[in-house]
Amino acid sequence: MAAGVAAALAYPWLVPNYYLVYAGVLTVMYAVTATSWNILGGFTGYVSLGHSAFFGLGAYGTGLLVTRAGWPWPLALAVSAVLVTLGAAIVGVAAVRVRGASFVIVSIALVSVMNLLVQGWRSLTGGSSGVQVPAPFPELSRGQTHMVFFYLYLALLALALLTWWFIGRSRFGNGLRAIREDEDKAEMLGVPTAAYKVAAFALSALFVTLAGGLYAVWFRSLDPIFLFSIVLGAYMVLMSLLGGGRHLLGPLLGALIIAPAGEYFLIALGESQIHLTATGVLLVLVVLFMPEGIIPKLVRRPAGASIREETAEQRLLEVRG
Amino acid sequence: MTLTTEGLTKTFGGVRAVSGANVAIKEGRVNGLIGPNGSGKTTFFNLVTGLIRPDSGRVLHQGRDITGWSPHRIAHAGLGRTFQLCRIFPRMSVLDNMLVAVRRTRLRELLAGTRATAEVERARHWLHRMGIDHLETAEARHLSYGQQKLLELAAVFMGDPGLVLLDEPAGGVNPALIDRISALVRDLNAEGRTFLVVEHNMDMVMNMCDHVIVFDRGAPISEGTPQAVQADPRVLEAYLGV
Numbered sequence: 000m001a002a003g004v005a006a007a008l009a010y011p012w013l014v015p016n017y018y019l020v021y022a023g024v025l026t027v028m029y030a031v032t033a034t035s036w037n038i039l040g041g042f043t044g045y046v047s048l049g050h051s052a053f054f055g056l057g058a059y060g061t062g063l064l065v066t067r068a069g070w071p072w073p074l075a076l077a078v079s080a081v082l083v084t085l086g087a088a089i090v091g092v093a094a095v096r097v098r099g100a101s102f103v104i105v106s107i108a109l110v111s112v113m114n115l116l117v118q119g120w121r122s123l124t125g126g127s128s129g130v131q132v133p134a135p136f137p138e139l140s141r142g143q144t145h146m147v148f149f150y151l152y153l154a155l156l157a158l159a160l161l162t163w164w165f166i167g168r169s170r171f172g173n174g175l176r177a178i179r180e181d182e183d184k185a186e187m188l189g190v191p192t193a194a195y196k197v198a199a200f201a202l203s204a205l206f207v208t209l210a211g212g213l214y215a216v217w218f219r220s221l222d223p224i225f226l227f228s229i230v231l232g233a234y235m236v237l238m239s240l241l242g243g244g245r246h247l248l249g250p251l252l253g254a255l256i257i258a259p260a261g262e263y264f265l266i267a268l269g270e271s272q273i274h275l276t277a278t279g280v281l282l283v284l285v286v287l288f289m290p291e292g293i294i295p296k297l298v299r300r301p302a303g304a305s306i307r308e309e310t311a312e313q314r315l316l317e318v319r320g
Numbered sequence: 000m001t002l003t004t005e006g007l008t009k010t011f012g013g014v015r016a017v018s019g020a021n022v023a024i025k026e027g028r029v030n031g032l033i034g035p036n037g038s039g040k041t042t043f044f045n046l047v048t049g050l051i052r053p054d055s056g057r058v059l060h061q062g063r064d065i066t067g068w069s070p071h072r073i074a075h076a077g078l079g080r081t082f083q084l085c086r087i088f089p090r091m092s093v094l095d096n097m098l099v100a101v102r103r104t105r106l107r108e109l110l111a112g113t114r115a116t117a118e119v120e121r122a123r124h125w126l127h128r129m130g131i132d133h134l135e136t137a138e139a140r141h142l143s144y145g146q147q148k149l150l151e152l153a154a155v156f157m158g159d160p161g162l163v164l165l166d167e168p169a170g171g172v173n174p175a176l177i178d179r180i181s182a183l184v185r186d187l188n189a190e191g192r193t194f195l196v197v198e199h200n201m202d203m204v205m206n207m208c209d210h211v212i213v214f215d216r217g218a219p220i221s222e223g224t225p226q227a228v229q230a231d232p233r234v235l236e237a238y239l240g241v
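Chains as they are written, first to last, in numbering that gives the first Met the number 0: chain A, 0 to 320; chain B, 0 to 241.
Just so you know, the hints here were simulated from the structure itself, not pulled from any lab data.
Quick reminder that beta carbons are idealized off the backbone N, C-alpha and C, glycines included.
Which residues of chain A face chain B? A few of them, derived with a C-beta cut under 8 Å, are:
| # | residue |
| --- | --- |
| 1 | S169 |
| 2 | N173 |
| 3 | A177 |
| 4 | A185 |
| 5 | L188 |
| 6 | G189 |
| 7 | V190 |
| 8 | P191 |
| 9 | T192 |
Pair by pair, the computed Cβ-Cβ distance ranges are:
| # | chain 1 | residue 1 | chain 2 | residue 2 | range |
| --- | --- | --- | --- | --- | --- |
| 10 | A | A260 | B | P174 | 50 to 60 Å |
| 11 | B | T3 | A | R96 | 30 to 40 Å |
| 12 | A | I104 | B | G67 | 22 to 32 Å |
| 13 | B | G62 | A | I89 | 28 to 38 Å |
| 14 | A | R96 | B | T136 | 29 to 39 Å |
| 15 | A | N16 | B | R123 | 53 to 63 Å |
| 16 | B | A182 | A | R96 | 37 to 47 Å |
Which residues of chain B face chain A? A partial, calculated answer using Cβ under 8 Å:
| # | residue |
| --- | --- |
| 17 | T48 |
| 18 | L98 |
| 19 | V99 |
Extracted from the complex, chain B is given alone in its bound form (with noise of 0.2 Å):
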């Protein structure tokens, strides 16, 4: 298991937005998660990457707790994800965009010229297998949202992560965006990444998810292949509210 988490809790003022969360992240696959609105899917992803701290409950990865270190330390663990809505720095070139990303903090690469080291080489190469390579010198604000989506899947690859989480891949992009996306993520997940996906897109789920976990009310009610789960009453039910 790449990660798990035990019993993961965090309140909002009275509101249990994640509430004794156990889910296991199965390795090697393409895991979604899915649940209606307000379900504590991106509160999830915030807890496991250390964006807030869960009031109770520990995040495992590879084994060893997590729980409550900075989100740059949980990313030099193998972690990356993506925003809800598409996050990338706008007034910064898509290729200082590429080069944010800290592998390790070792001064003398730190200090070294943004151009002066082999990163740029694995930029341009992360930028070209997302079909944005060509936009190199354009300042991020400038492209169109479908290509910020694909700036901001290719930075995180900068950190060379075993994990992905991705929030909404699909949210706001046209179909043959989405379907290129869901190619890329089949092809990265064949070279050994796993991915967590949170989506409201069924037929992307449906496509590209090997294993399905569904959130309700802050914690998991149901998993299994996108066939079984679609087929529980217990999902239809909190979809349905009946």
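Same shape as in the complex, but just chain A (with noise of 0.2 Å):
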């Protein structure tokens, strides 16, 4: 744990080149997405391959309230997260009604209205010539700026984390994986299950905001194709499902093979559509045959043996009445 930690401080320094703090800095926030999705899909079991909705908004809130109003950056930021956070929490108390496939529907429709609106509201968004956002420290060169928000989405990692652990120890979080179990006798356990969804979507929507507005500033040219796309969604997903969505890390483990891989073929095969077939396939082979991603096969408990063992003494006991 503290070497993972020392290896991500001292990664900037390490590499050789500012090419691989740009890819660092992607893959960090791909990291910060994944997990950040997980609070919502690890937990209650609802799929949502729409959340790069609240990325795109993140970064379209952020870069607009620069650009137009002329705010502070972190001031615009701020504001973003928050607003988008509680339309999230409204669009939540419609969308968790529904399960199941259902629910992964209704999230792809959230992102392909808001592809549409965004780029439909040219006046506003500039349509789908994007937004440009100015340099946010001027007096910093491209490079050094990879390495600013290195630590800064390297910052809102460990706060996605940290919220995803603390959630998992509390009785909230027991109620949000009992949903996932069978979620009509949780309610019947006296479990608001309601509720317990909109404020899992809405918190899970929360760091992939900060994500995209960090993203505008940092990357500074939007282009809502990408932003509101379901490819993006489809990342936080396989990325979640391939590390082990019931585990704090998996989502990042599954970034950190992912966000490189990706970035490897993009090179390797140039700007085809290649690299997005081998994601589909990728997301496939996962769910068919990891469904619980790398981390359970990595750490295999003991337990088998003496809960069989439990099982036969207790079967006895039954027996004899």
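Bring the two chains, given one by one in their own frames, into a single complex with the hints.
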């Protein structure tokens, strides 16, 4: 754990060039979105393919408040995050009423609607030509800016992980897991399932929104087709499932694999769509053959044997009455 | 009366599952609810606990109209239930299963660690009463079916219900365990909890219940002591279809 933190902190100083710092920022950014997605997906089992909507709204909210209103970017970021999270809570009230595949469809609809809205509302958003955001630190070089954003994203990742951990050990988190296992049964035991799901949905949107807002000031060029794409949402799902959605560090592990792999394919194969196909294939393979992700395969609990003993003992007890 | 229904009706695609049922549960008793398959017993449970909404009629709990309340609110009001096919949270530990129940929604309690509250002591108490406290750390899906039934029952008591609805507690369990569950119900009843039990095992009903309500075609057709109900020709008619 400590070694991992130390390696993350030292990373920008150890790599030979700024391109690798840039790839590092991208990886940590993806890790934030996946960890945040997992606040909903990992606990409740509600699979949202539309979380890129929050990333896009965070990016556009921050970008537009900086360019149109002239706000300092930290303020723009904070205000966007609050507004989008509130919006997510309102959308969540409607969205989490449906379960399973229906919820997946609703989440896709959400990001598609946002895509159309942002592209259509040209006077505000610049339509498909996007938004150009001024440099956040004009005195720093592009490479130094990457360094700064690496640490900003790292701090955000720590916050998202801490939130997941805190929920995971709380009774609220226990209730969310019960929703994943049997929602009606949980409700019958007094768990206000609708409120729980909306809270998880909004919290999950919060860190994705913040990641998107930071992206606006870091990347500085906002393209609605990328920001409001299902691909970005699918990445969050893939990274969480690949690493292991039931584990704190699962999405992070998934991001450490997927993000560098994506960058590598982009360089190796050029600007083709093949890496997208690869993402799809990988997602199918993970769901089919490794739905629990990598982490459970690494940590094998030695509990199996003792449970069987207890079951046998208990069976004897049952027979005796 | 802990629970009464007035003209409770629910139709599924033209079939009247529950049809104008007027039922009064006797407080402080073990009430039995019997009837042929498809007579509306489980639908009645689902209506009373808020899982489905009635087309018409009312459900009153302690004189309060709880018709249309969400199930968690009804649970908070003091109703607990088990399901016909035992329902637990299979991929959670036995102790975590116990800690799902919420008695009241206070933010501070919900954000407290699962292991930090007095609820853990209550959970252990109920697991001990059901005789499965040694399985605390096991994943619920690894338990035998009988143990899962006991776990479901134990988890219901975490909500501290005054009225407990059991849907076929003897279904699929061995005779020794049936006796144990009967004894538990009698003990818990002696401590002041009211029960309403749907059961097909007539021996269990006759041993355990003080008062029996017989359903046929979605409404009660007879009620009284187990002996009286057994002797009622209308009951025989409903069961045998003569």
